[in-house]
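Chemist: Chains as they are written, first to last, in the working numbering: chain R, 1 to 265; chain F, 266 to 530; chain C, 531 to 860; chain Y, 861 to 1190.
Hints are not guaranteed to be accurate.
Result set (BS3-like, lysine-lysine): computed pairs, CA atoms no more than 30 Å apart in a straight line [said to hold, decoys possible]:
{"id": "1", "chain 1": "F", "residue 1": "K431", "chain 2": "C", "residue 2": "K843"}
{"id": "2", "chain 1": "C", "residue 1": "K853", "chain 2": "F", "residue 2": "K398"}
{"id": "3", "chain 1": "R", "residue 1": "K255", "chain 2": "Y", "residue 2": "K1158"}
{"id": "4", "chain 1": "R", "residue 1": "K133", "chain 2": "Y", "residue 2": "K1173"}
{"id": "5", "chain 1": "Y", "residue 1": "K1135", "chain 2": "R", "residue 2": "K133"}
{"id": "6", "chain 1": "Y", "residue 1": "K1158", "chain 2": "R", "residue 2": "K133"}
{"id": "7", "chain 1": "C", "residue 1": "K853", "chain 2": "C", "residue 2": "K733"}
{"id": "8", "chain 1": "Y", "residue 1": "K1135", "chain 2": "C", "residue 2": "K843"}
{"id": "9", "chain 1": "C", "residue 1": "K828", "chain 2": "F", "residue 2": "K426"}
{"id": "10", "chain 1": "R", "residue 1": "K166", "chain 2": "Y", "residue 2": "K1173"}
{"id": "11", "chain 1": "R", "residue 1": "K161", "chain 2": "Y", "residue 2": "K1122"}
{"id": "12", "chain 1": "F", "residue 1": "K520", "chain 2": "C", "residue 2": "K733"}
{"id": "13", "chain 1": "C", "residue 1": "K805", "chain 2": "C", "residue 2": "K828"}
{"id": "14", "chain 1": "C", "residue 1": "K733", "chain 2": "F", "residue 2": "K398"}
These aren't lab readings, by the way, just hints derived from the structure by calculation.
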Amino acid sequence: MNSHKLEYTRQEMMAIATGRELRDGELAIFGVGLSMLAGYFAQAHHAPNIRAMTEGGVYGASPVGGLPWGIECNRISANATSFTNGVDALGFLVASGRCDVGIIGAAQVDKFGNVNTTGIWDGEIGDHYRAPKTRLTGAGGANDIACGAGRVLIMVAHEPKRFAEKVTYISSPGYLDGGNTRERYGFIGGGPSAIITTLGILRPDPNTKEFQLDAYYPFSNIEEIKSNTNWALKVSPRVHVVPEPTVDELKALRKVDETGALRKQ
Amino acid sequence: MNSHKLEYTRQEMMAIATGRELRDGELAIFGVGLSMLAGYFAQAHHAPNIRAMTEGGVYGASPVGGLPWGIECNRISANATSFTNGVDALGFLVASGRCDVGIIGAAQVDKFGNVNTTGIWDGEIGDHYRAPKTRLTGAGGANDIACGAGRVLIMVAHEPKRFAEKVTYISSPGYLDGGNTRERYGFIGGGPSAIITTLGILRPDPNTKEFQLDAYYPFSNIEEIKSNTNWALKVSPRVHVVPEPTVDELKALRKVDETGALRKQ
Amino acid sequence: MPQPKLISLATAVDRFTQNGVQYASGAALPIGSDAIVFGRELLRQGRNQLHAIFHCNSQQLNLLAGAGAVDKAECGFSGLEVFGFANGLRRSIETGVTQLEDYSNLAMAIRLLGGAMNWPFVPATVNIGSDIQYRSAFSPEEYPSTSKIPMITDPFSGRQLGAFQSLQPEVAAIHVSMADPLGNAIMLGTEWSRFELSRAAKKVILVADEIVHTDCMRQFPNLVRIPDIVVDAIVYWPFAAWPQSSPGLYDVDEDHMRSMNKALATEETTQQYLKDYVFSYQSHRDYLDMIGNEKREKITQTETSFLMDPYRKWILSADEIAKLVLEGDR
Amino acid sequence: MPQPKLISLATAVDRFTQNGVQYASGAALPIGSDAIVFGRELLRQGRNQLHAIFHCNSQQLNLLAGAGAVDKAECGFSGLEVFGFANGLRRSIETGVTQLEDYSNLAMAIRLLGGAMNWPFVPATVNIGSDIQYRSAFSPEEYPSTSKIPMITDPFSGRQLGAFQSLQPEVAAIHVSMADPLGNAIMLGTEWSRFELSRAAKKVILVADEIVHTDCMRQFPNLVRIPDIVVDAIVYWPFAAWPQSSPGLYDVDEDHMRSMNKALATEETTQQYLKDYVFSYQSHRDYLDMIGNEKREKITQTETSFLMDPYRKWILSADEIAKLVLEGDR
Chain R
1 MNSHKLEYTR QEMMAIATGR ELRDGELAIF GVGLSMLAGY FAQAHHAPNI RAMTEGGVYG
61 ASPVGGLPWG IECNRISANA TSFTNGVDAL GFLVASGRCD VGIIGAAQVD KFGNVNTTGI
121 WDGEIGDHYR APKTRLTGAG GANDIACGAG RVLIMVAHEP KRFAEKVTYI SSPGYLDGGN
181 TRERYGFIGG GPSAIITTLG ILRPDPNTKE FQLDAYYPFS NIEEIKSNTN WALKVSPRVH
241 VVPEPTVDEL KALRKVDETG ALRKQ
Chain F
266 MNSHKLEYTR QEMMAIATGR ELRDGELAIF GVGLSMLAGY FAQAHHAPNI RAMTEGGVYG
326 ASPVGGLPWG IECNRISANA TSFTNGVDAL GFLVASGRCD VGIIGAAQVD KFGNVNTTGI
386 WDGEIGDHYR APKTRLTGAG GANDIACGAG RVLIMVAHEP KRFAEKVTYI SSPGYLDGGN
446 TRERYGFIGG GPSAIITTLG ILRPDPNTKE FQLDAYYPFS NIEEIKSNTN WALKVSPRVH
506 VVPEPTVDEL KALRKVDETG ALRKQ
Chain C
531 MPQPKLISLA TAVDRFTQNG VQYASGAALP IGSDAIVFGR ELLRQGRNQL HAIFHCNSQQ
591 LNLLAGAGAV DKAECGFSGL EVFGFANGLR RSIETGVTQL EDYSNLAMAI RLLGGAMNWP
651 FVPATVNIGS DIQYRSAFSP EEYPSTSKIP MITDPFSGRQ LGAFQSLQPE VAAIHVSMAD
711 PLGNAIMLGT EWSRFELSRA AKKVILVADE IVHTDCMRQF PNLVRIPDIV VDAIVYWPFA
771 AWPQSSPGLY DVDEDHMRSM NKALATEETT QQYLKDYVFS YQSHRDYLDM IGNEKREKIT
831 QTETSFLMDP YRKWILSADE IAKLVLEGDR
Chain Y
861 MPQPKLISLA TAVDRFTQNG VQYASGAALP IGSDAIVFGR ELLRQGRNQL HAIFHCNSQQ
921 LNLLAGAGAV DKAECGFSGL EVFGFANGLR RSIETGVTQL EDYSNLAMAI RLLGGAMNWP
981 FVPATVNIGS DIQYRSAFSP EEYPSTSKIP MITDPFSGRQ LGAFQSLQPE VAAIHVSMAD
1041 PLGNAIMLGT EWSRFELSRA AKKVILVADE IVHTDCMRQF PNLVRIPDIV VDAIVYWPFA
1101 AWPQSSPGLY DVDEDHMRSM NKALATEETT QQYLKDYVFS YQSHRDYLDM IGNEKREKIT
1161 QTETSFLMDP YRKWILSADE IAKLVLEGDR
């Protein structure tokens, strides 16, 4: 990082790029950590009327005292206007299609935007189920968001092991086998609209749904991104550089990230 | 009534006979009016630990200031320990099979305990739907109780027009065509255990499920009941006289019915 | 931060409804909480051919149907509890003006739950086996009806059960005890299906007896079962449920319940009722006068008034609310 | 009138659980409300071969699985949010001690809703199309699994969707902020699926941080989402969710969250943790000492404490509660 003389970290760039995808007034669901910070950054900066919620049904709240430890942490429960429940938040508002946008993370993502957060196996799982070599966090609410939200933003650190031709296990569906294969399951959600990484932004081809490189950051480049992607990454003809964070953006982000969690990496 | 020199009315006898069917500790759902009075009479008299609820999810309450005008009347909402909702009360607790007993009314009932509260037609409805000559109150929550409650008590004024070989319209299922026809629909509830009328008590034959005369009141008799029943009413070999209300029973009933609604008829 | 959404009753009806709209009522049972003033305003603005979705009849449906404004209705209970049959609804059904599709009370609630979930159907373990399943007022030619509550098979056990069509009403007017200017709402008393309806309906208008400061919601977030994010507009209207009750605020007006239902029994007396109690007022002030001081005093002497005590200190004044409504109506 | 149901934690575990029981946790997500003391007591009484039903992992499942007491588990999320992977659960899965059947968070909640309704299945518009649908830890030979989330057909549109198996756990321990002696309970903060679980489970034990007088429930009946009629027993145990948080009462204990999870990473350090934090206390007093005065003071300085203010005046004293427990344990 230091070699770039950046005034911001890669994670901060990723969070700001993600936040820029959110529009004012949208109903949005955030997970814990980076996802929440990207969301509340957007609210603090350019989308003051965003309607934010958590999976468990916390409404009208914004974090106090630093990064919440979880989506029902007291740091976010301290100023809510409504608490309901999981059936309401993930069901009535997300799986139903009412939520405009969700932000999810990934341990592994593939070229059709399918996400694995369940486990790492040595090789293919095979025809039968077998326990993973390394168990991860499971699907959580991300599967529900991936099926139901109007669009999904996937945030992931750009490392070769995380970008697979095909994920070993689909925890949360992207475009499955590409094209219109999502339709087979009648998902009301539109699928992932972007994979936003520590190196750039990938977006799906409108027809094949294969993710292509859409933009890179001032500190990254196309070759670096290709070499960190474990599939033959296509580059959009409209590939461009993502604008650097503005002073206002950084200020808003760091106000949300008051404990500086994002500045560490 | 006066000819019997009774110290209590027929409706009071019916309410007490119904209340006697309730056991201490049961989870019980009451409708408005007679049903509620019979239930709260039982609670006041011999079943202090009855757990009473209404269709809309009023728990832990007992009426104050007289007969409630409805099951969410302030007269019953004034001392509740919990208010929830219809999905909870009629779904989670009644349709699920968790409720031990429900008390419902009927405009018309037939020999298999099927109840009509929907309408009166001039003649058969016919193969097609047509609007009733006289529209009644519909099924309300009684259908849900009839399908799900452990057992159902039906309260009805004993008049020929109300006791049909077959009801014109089944609003709430009893034993349908008798025998084991309820099983076709997988109802978890056991069906009606008694029809308690202003003249006596009918109970189903264990096999055919046809309702038979099980008991009459001190002021009624078998012939009177038969002539007020529009099917060939069988008389149980164990037919007997229902014990008169005790002083304590009448006292408890009239404490609940503080406005004297039942004493009028 | 969300924006205030307070508007006037007239604006709400004008903005969110049209003839033929699927109109759902958020209420408790006939005697409980009910946004009947919204129904009065529908009539004042001449709305008709409504498709009414009421988990239960109330005086509102009784009035709307009695006035001939309801073509189709779906509900569980169609009476008025101790007040007897609902004469206006009854007359409109018997004369064929209104087609009433019968369900049970639970069926209506879980059909809204299904709509909130966006499930295409909801499993039915009730209403099957009865004429509710077999006969359809909306498809009268079909017997036994296969489009109303068809049978399906549980894939795990092979057991047969029914399937309800989910409901997603076009617009809902939901009565609540109190709301804040953003649309966070607290209901006192049973919710019936107002929670599910507030998610299932495409547009949600709250009709609130009181407006409270948002601080009240932050003190009692677990009571806020309808959060602002699902609400399109809020109408402030004290005694909105009259002659029905609002737990914590006022009791049922027994006299008017009876006289109103009596009036709705004939077309002629219904016209007189409309003249006297629907078209008669020009303002909320007029409306309160119509109820009458003495009557309002009587019904506010409710045994349930202690239920409102924890929230009174956050109640906004009529002036504060009026300012917000002025902005909202723009 | 219902009877008091307060019993001791030891009696609750002894009376309502046995080896192999289907044990469901009523909690918020990993960092929220959780009846983890019930899990500690399960271990203290040597319960094992549990079938754990947790909508999400928590430190409780992490602990139970890490201690080798969980044969089967079903949950949505299996991590610890910002505290990382759940090392105890992870280790038990990776070594094959625990078979974890994966679902999503919504799936777990609506499977409990289905259990509460007594529906044999629940429509699934999520989890289908992913490996969650195709791969089953409980039926590993089956691929694609037809018994886990089979496809069904909407009878109205012909559309294909999935079907979840409903859940009716044998016993549930549900953490609540406060309960009265009869079993009426108030939860502060999100319910997650505690409402549905309290109806779906065959036996329900509340674990309450505070016991309040029933008058509190009569003042706030709309907050009482778990009424006494569905509750079998109540256990009073302040700091019941520690090291997790209880909104209104205490914050998460960050240090212990980390050190506990670190300990659960290996069998050896888990044994030490059990010795120090599970088998170490003989009374609730001991338990509080184990947490430590300073720590308790720190975590009770929560930004959410204002949420408890309206209810404090009804809190029963330890002495009053002890008397009721004595009766209950008989």
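Chemist: Confirm or reject each hint.
Modeler: Against the structure, the hints come out as follows:
| no. | hint | result |
| --- | --- | --- |
| 1 | K431/F x K843/C | 59 Å, violated |
| 2 | K853/C x K398/F | 52 Å, violated |
| 3 | K255/R x K1158/Y | 25 Å, holds |
| 4 | K133/R x K1173/Y | 53 Å, violated |
| 5 | K1135/Y x K133/R | 29 Å, holds |
| 6 | K1158/Y x K133/R | 39 Å, violated |
| 7 | K853/C x K733/C | 24 Å, holds |
| 8 | K1135/Y x K843/C | 51 Å, violated |
| 9 | K828/C x K426/F | 41 Å, violated |
| 10 | K166/R x K1173/Y | 59 Å, violated |
| 11 | K161/R x K1122/Y | 25 Å, holds |
| 12 | K520/F x K733/C | 47 Å, violated |
| 13 | K805/C x K828/C | 25 Å, holds |
| 14 | K733/C x K398/F | 36 Å, violated |
When held up to the earlier numbered hints, the structure conflicts with 1, 2, 4, 6, 8, 9, 10, 12 and 14 and fits the remainder.
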